[in-house]
Amino acid sequence: MSTAQDLAIIALSASDREVGQGDLSLALAGAEVLDLVEAQVIGLDGERLVPGTGSAADDRLLGEAASSVVRQEPYEAVEDWLWRRGRELSAAYTDELERAGLVNRTRGNRLLSRPERVALVDSPAVRRAEERRASGEPVLAALAAAVGLDDRADDKGEEGDDEGQDVGKDLDAGHDLTDDATVTVLAAVGNAVMELEAVRQRRSVENAAFDNVWRGF
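Be aware that the sequence shown starts at 8, since it is given in my numbering, and climbs by one per residue.
Because the hints were derived from the structure by calculation, they are not lab data. Think of the CB as a built atom: it goes at the ideal place given N, C-alpha and C, for glycine as much as any other residue. Among the hints, erroneous ones may be present.
Unchecked claim - Per label pair, the in silico range of CB-to-CB distance:
1. E54 / R209: 21 to 31 Å
2. D102 / R134: 17 to 27 Å
3. Q79 / R112: 13 to 23 Å
4. E80 / R24: 35 to 45 Å
With the hints as constraints, model all of the structure from the sequences given.
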């Protein structure tokens, strides 16, 4: 299983927490970068993704990611990759897990106001992902924190509200990660998630202002 697949699994297992699909898509795109770096499909030159000589494992979505790598200079910045590759990526991973028999999906019913439900199937792959998370593996822990899935937040009171907003700071504080490529990718994920939240807040303010204008008529 890849880091991206493991992240998708633990996000689906977090039934008691709401995970923003946009946030998760950005984190999954970051996880793919780390998986591709490990497979030597790509490398990092500063903040830019450069083609490597390796090949993706027998993983359909990672294969798609590898084939979409920009292979001409000036190459692509990590954060640009996150926004391009991350579009609806969380849904793609849910579909892939369903295709692999790792989740069951109960279709929603609009007439009865019943939402779609997705449940994990007990399997070796799911157990491995959960064991990896429980072990506190630093990369997966940092990605989980970026989308608000850090268990440590439960013990931090109000401090947990900012969990995942600055992955680079979190790494310095609690993780022994010194690989430049890993730190660069995780920091880019944190920055992208913060930018997405800023967009959400701006739209919320704009919508509220629009509603107030209409109430004045």
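Checked hints:
| no. | hint | verdict |
| --- | --- | --- |
| 1 | E54 / R209: 21 to 31 Å | holds (25 Å) |
| 2 | D102 / R134: 17 to 27 Å | holds (21 Å) |
| 3 | Q79 / R112: 13 to 23 Å | violated (39 Å) |
| 4 | E80 / R24: 35 to 45 Å | holds (42 Å) |
Violated hints amount to a single one, hint 3; each of the other numbered hints is respected by the structure.
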